[in-house]
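Protein chains in written order, with my numbering: chain A, 2 to 583; chain B, 2 to 583.
These are calculated hints, taken from the structure and not from any lab test. Just so you know, not all the hints are guaranteed correct.
Same chains, same label: a pair holds when it works inside one copy or across any pair of copies.
[As the list claims (entries may be wrong)] Calculated pairs, DSSO-like style, for lysine-lysine (alpha carbon to alpha carbon, straight line, at most 27 angstroms):
(1) LYS518 x LYS556
(2) LYS503 x LYS49
(3) LYS49 x LYS502
(4) LYS291 x LYS312
(5) LYS567 x LYS246
The structure presented is a predicted model; accordingly, all values stated were derived computationally and were not measured.
Number of protein chains: 2
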Amino acid sequence: MNHTEVLTRYVTNFVDELVVNGLTDAVISPGSRSTPLALTLAEHKEIKDWVIIDERSAAFFALGLAKKTKRPVVLVCTSGTATANYYPAIVEAYHSRVPLIVLTADRPHELRGIGAPQAIDQIKMYGDFVKWFHEMALPEAGTAMLHYVRNKAASAYHIAKEGNQGVVHLNFPFREPLMVDFSLNDVWEINDISCTSPILPTFEGKKHLSKQQVEEILRQLAGKQRGVIVCGPQTDLHFPVAVTKLAEKWGLPILADPLSQVRSGAHVSDVIIEGYDALLRNKTIREKLKPDFIIRFGAMPVSKAYSFYVKQHQDALQMVVENDEGFREPTNNPTTFIFAEPTTYCEALADAGTETTSKEWLQLWKQFNDIAKMHLNDQSDIEIREGEAIRAVMDSTPNQSTIFVGNSMAIRDLDSFFWKTDKQIEVLANRGANGIDGVVSSGLGACAAGVRVTLVLGDLSFFHDMNGLHAAMHYQLPLTILLINNNGGGIFSFLSQADDKKHFEALFGTPLHIDFKYVVHMYGGYYVHAKTEVDVKQKLIESYNREGLSVIEVKTNRDMNANWHKTKWQAIEQEILEERNR
Amino acid sequence: MNHTEVLTRYVTNFVDELVVNGLTDAVISPGSRSTPLALTLAEHKEIKDWVIIDERSAAFFALGLAKKTKRPVVLVCTSGTATANYYPAIVEAYHSRVPLIVLTADRPHELRGIGAPQAIDQIKMYGDFVKWFHEMALPEAGTAMLHYVRNKAASAYHIAKEGNQGVVHLNFPFREPLMVDFSLNDVWEINDISCTSPILPTFEGKKHLSKQQVEEILRQLAGKQRGVIVCGPQTDLHFPVAVTKLAEKWGLPILADPLSQVRSGAHVSDVIIEGYDALLRNKTIREKLKPDFIIRFGAMPVSKAYSFYVKQHQDALQMVVENDEGFREPTNNPTTFIFAEPTTYCEALADAGTETTSKEWLQLWKQFNDIAKMHLNDQSDIEIREGEAIRAVMDSTPNQSTIFVGNSMAIRDLDSFFWKTDKQIEVLANRGANGIDGVVSSGLGACAAGVRVTLVLGDLSFFHDMNGLHAAMHYQLPLTILLINNNGGGIFSFLSQADDKKHFEALFGTPLHIDFKYVVHMYGGYYVHAKTEVDVKQKLIESYNREGLSVIEVKTNRDMNANWHKTKWQAIEQEILEERNR
Numbered sequence: 002m003n004h005t006e007v008l009t010r011y012v013t014n015f016v017d018e019l020v021v022n023g024l025t026d027a028v029i030s031p032g033s034r035s036t037p038l039a040l041t042l043a044e045h046k047e048i049k050d051w052v053i054i055d056e057r058s059a060a061f062f063a064l065g066l067a068k069k070t071k072r073p074v075v076l077v078c079t080s081g082t083a084t085a086n087y088y089p090a091i092v093e094a095y096h097s098r099v100p101l102i103v104l105t106a107d108r109p110h111e112l113r114g115i116g117a118p119q120a121i122d123q124i125k126m127y128g129d130f131v132k133w134f135h136e137m138a139l140p141e142a143g144t145a146m147l148h149y150v151r152n153k154a155a156s157a158y159h160i161a162k163e164g165n166q167g168v169v170h171l172n173f174p175f176r177e178p179l180m181v182d183f184s185l186n187d188v189w190e191i192n193d194i195s196c197t198s199p200i201l202p203t204f205e206g207k208k209h210l211s212k213q214q215v216e217e218i219l220r221q222l223a224g225k226q227r228g229v230i231v232c233g234p235q236t237d238l239h240f241p242v243a244v245t246k247l248a249e250k251w252g253l254p255i256l257a258d259p260l261s262q263v264r265s266g267a268h269v270s271d272v273i274i275e276g277y278d279a280l281l282r283n284k285t286i287r288e289k290l291k292p293d294f295i296i297r298f299g300a301m302p303v304s305k306a307y308s309f310y311v312k313q314h315q316d317a318l319q320m321v322v323e324n325d326e327g328f329r330e331p332t333n334n335p336t337t338f339i340f341a342e343p344t345t346y347c348e349a350l351a352d353a354g355t356e357t358t359s360k361e362w363l364q365l366w367k368q369f370n371d372i373a374k375m376h377l378n379d380q381s382d383i384e385i386r387e388g389e390a391i392r393a394v395m396d397s398t399p400n401q402s403t404i405f406v407g408n409s410m411a412i413r414d415l416d417s418f419f420w421k422t423d424k425q426i427e428v429l430a431n432r433g434a435n436g437i438d439g440v441v442s443s444g445l446g447a448c449a450a451g452v453r454v455t456l457v458l459g460d461l462s463f464f465h466d467m468n469g470l471h472a473a474m475h476y477q478l479p480l481t482i483l484l485i486n487n488n489g490g491g492i493f494s495f496l497s498q499a500d501d502k503k504h505f506e507a508l509f510g511t512p513l514h515i516d517f518k519y520v521v522h523m524y525g526g527y528y529v530h531a532k533t534e535v536d537v538k539q540k541l542i543e544s545y546n547r548e549g550l551s552v553i554e555v556k557t558n559r560d561m562n563a564n565w566h567k568t569k570w571q572a573i574e575q576e577i578l579e580e581r582n583r
Numbered sequence: 002m003n004h005t006e007v008l009t010r011y012v013t014n015f016v017d018e019l020v021v022n023g024l025t026d027a028v029i030s031p032g033s034r035s036t037p038l039a040l041t042l043a044e045h046k047e048i049k050d051w052v053i054i055d056e057r058s059a060a061f062f063a064l065g066l067a068k069k070t071k072r073p074v075v076l077v078c079t080s081g082t083a084t085a086n087y088y089p090a091i092v093e094a095y096h097s098r099v100p101l102i103v104l105t106a107d108r109p110h111e112l113r114g115i116g117a118p119q120a121i122d123q124i125k126m127y128g129d130f131v132k133w134f135h136e137m138a139l140p141e142a143g144t145a146m147l148h149y150v151r152n153k154a155a156s157a158y159h160i161a162k163e164g165n166q167g168v169v170h171l172n173f174p175f176r177e178p179l180m181v182d183f184s185l186n187d188v189w190e191i192n193d194i195s196c197t198s199p200i201l202p203t204f205e206g207k208k209h210l211s212k213q214q215v216e217e218i219l220r221q222l223a224g225k226q227r228g229v230i231v232c233g234p235q236t237d238l239h240f241p242v243a244v245t246k247l248a249e250k251w252g253l254p255i256l257a258d259p260l261s262q263v264r265s266g267a268h269v270s271d272v273i274i275e276g277y278d279a280l281l282r283n284k285t286i287r288e289k290l291k292p293d294f295i296i297r298f299g300a301m302p303v304s305k306a307y308s309f310y311v312k313q314h315q316d317a318l319q320m321v322v323e324n325d326e327g328f329r330e331p332t333n334n335p336t337t338f339i340f341a342e343p344t345t346y347c348e349a350l351a352d353a354g355t356e357t358t359s360k361e362w363l364q365l366w367k368q369f370n371d372i373a374k375m376h377l378n379d380q381s382d383i384e385i386r387e388g389e390a391i392r393a394v395m396d397s398t399p400n401q402s403t404i405f406v407g408n409s410m411a412i413r414d415l416d417s418f419f420w421k422t423d424k425q426i427e428v429l430a431n432r433g434a435n436g437i438d439g440v441v442s443s444g445l446g447a448c449a450a451g452v453r454v455t456l457v458l459g460d461l462s463f464f465h466d467m468n469g470l471h472a473a474m475h476y477q478l479p480l481t482i483l484l485i486n487n488n489g490g491g492i493f494s495f496l497s498q499a500d501d502k503k504h505f506e507a508l509f510g511t512p513l514h515i516d517f518k519y520v521v522h523m524y525g526g527y528y529v530h531a532k533t534e535v536d537v538k539q540k541l542i543e544s545y546n547r548e549g550l551s552v553i554e555v556k557t558n559r560d561m562n563a564n565w566h567k568t569k570w571q572a573i574e575q576e577i578l579e580e581r582n583r
């Protein structure tokens, strides 16, 4: 068998096995060394291939696509610094538990460490941010080799998607010539086995607690009246129903993070408290809401005020439920960890227990929540702020829609102004490591799953990944961007750095002074500057009927936003504390 | 001592020690956790701080600045994925041996591995691409701690710049509050020692061969008539004079890479052969130029044809001279490695030896070189191609100037059309790992050394780092960009991938279809589309008298360029082979 045939059979069997296991999408960046993989992924009729030139954007695009579809997505790039551009998205995927299969092409061993062009040490180059690394063997003739590559493809797919989902990295040494030949006989097959079912079929269990374990948990909770259910980021769309039923049965408030998927959907009920970030800013109010126990599902919510609440109540019994593994409790409070599939666990608790809590407790949370929402919703006719912009999105977005939200201020604004609704809205964000990088591409990746996405983000985050917009043009992806432009880093106005008048604007405020209209037009997008809440709503609704990219820009003021929040928080505190003193 | 005072003294002493050791520039990306470092670098009167928002661009900017100044540059960013954005430039700095000091801010130990926001595992996160990693201690009170931070700063500076220059990475755990206070007494000082001289003064030797070693080398070369000196990328500006003297004395041709700094300057002589890439494409010509020995300084030249020449002549005695360490010989031919400072080594050889080689040998190279240049220089009045564009740059660029050149086609075009000149032109490129990423920022980083730079690059490379242009606007840096836009990846038209009609344009050609005028205008730059060689020259000269950013775009055709090169290579072969047969 000649070199081309050996190479072709090696790569086609590898790629085909990914497909047999469920792969549907691959994101490819151009390069020479990766030619065998790129051509084969493009050629396979079951794979949709996305070509994205900037590897950093490509990786975040794959991340968004995998996040939306909840299935592994393949990434392919050539050797050299191309591979290093994947690193930010790999770090994010590790922390937000998103399945990616990274395939890097490499020089063969004889061209490593000797100054050959574009040859860097790619072995374990992503360190502990990948679940599994494997250096692939050089292609060789024979059935054993084809079994080997199919085994590795199947393992890679499985490892990426099971347990805590994450990234696997396979490094492929390829010798020249790099062309493959699909005209060979049975090129997608191994002669003696069928390739229509996986080579390693799996039955994978989920973690369920035993009856005895559930009883022990109920015993620990017995007699504790003031409980709080907290929902961090979740992706299982069955979870909101199960956790709401549990809370209703037990009479507990649910503090629901904007990424919990609990704030929206047909299940929505008045046990869901979404104004807690504003409430928990005040120490006295935190004391009035002192809990006996906390059951948290998933990572900590975005709200910093909530973390103050937890820190203030170290004596509360805290239980954290994790799907698979991980000790995510950033206050270092004593905490019981429950490793179990959350939806089933909620159902088990609701079935087993007959927890009776005081009605006043839930009533208190509801009452305070109403006060917070009333103040935050208070209309005024001065110029538009972050709050109005977010409200416009939540009002305009149709049922069955997807919102992707940027980090830093955008997600905090969404946390403050995303009121519960019976519309079904999936809200996604890169909330593993909370970077402002790659957000445009992640939003577009979610679009690539075949849905319209509304992406809400700030100007620094938009700037960081403007290269991502090329995919919107190239693939005519249906993305609406609400660009909240406060000309710089708005979050710093809330921090003590804001007091340093000498260096603040240069080091933290960092205004870009960019007119983003140019870049939107460069990528053939529709651009409009909206000045009022009504205007934003109208432009959003129009965009939902338009093909391709629409960018609606809202210009706000950093200081004014910080002051407005502080004023509102004070008003909420005042009303609650005065009322309680009456 | 309170927290703020402890933190302040820790950071100011660290930063001050960097300055005492020679630090002049720091590139800072905005963030909260890095506040103590950012404020102190901005406050120190001896440091010029550059604030760049996109960390990927920031790192390549620092790389360009360090490459031009040949001194370490500091990078500072916050925790999380920000740090991962440095990775591509760190990989490049490792391979191209550029000194960088990377300072990442981190959460303190009690906030690691527990799901705290923006906390990722930053320990050794750049793997083997850094020369040294150190996890800094948490700030504590006392003189011992200040001695410690000064020691670490001094070591970092030294390690980055000595031997094979490269990257050092220090990770700083900082607890809140993060503000520092420069109003404290003697905040830049340790009470009992002077801080105006380094805490660890060093005397660092260079590698010099002994007289006996030089004699042994001469003995090995004795009797070999047909020798070639090859100069890969070099940064020492004394080297070109020394190597040219040696070649002249020994009657040897110098095959000089465009990054060797040997093709331009007052030393330029007719022993310098710059047309070898075109010559060595033909096997018969390579045979006619069969060498007895090769002495190469530094890494392999960019020319692929040259690597064919080396592979074809495995029996030639090859000696590779490395400044410090590294086995860079990508053909795997038997090779003698000489670890010695190249300039001194050239002088030692010239002083010691009285090598006499045949005059015909050098004459042959000169004659062939003239033929190659004549064909490549052949004027024609059809539309502008890469060659004319590069020629326009070389003609227009003034004496004492700096050119930064992109990878992929741009450097190959420069290799083909950069004729030796007595103008002093420093040519720089990211030639460690040959990425197309970060090139705009690296060019701007070179500008930040206080010189005008002409950056020559293709459209994909320009696209990859358009974010870098923000620094051009923000700091009004004097950058002239010659953008050679062939709407895609021109280099692939030279490879076998070009034969795959089905997938070529989508996977390899990858046309961007972008009108770059928009982005140049967005960043306040001057933009012009130049259509002829004369026009390019004129626009270049105009740009050299303009402040800030100028972009001169030349639109070329990928296929036409590949065909033109092939035609020229054929014509050169034909003339040489026919002439020799006469």
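Worksheet item: Okay, which hints does this one fail, numbers in order?
Response: Structure breaks hint 5 only.
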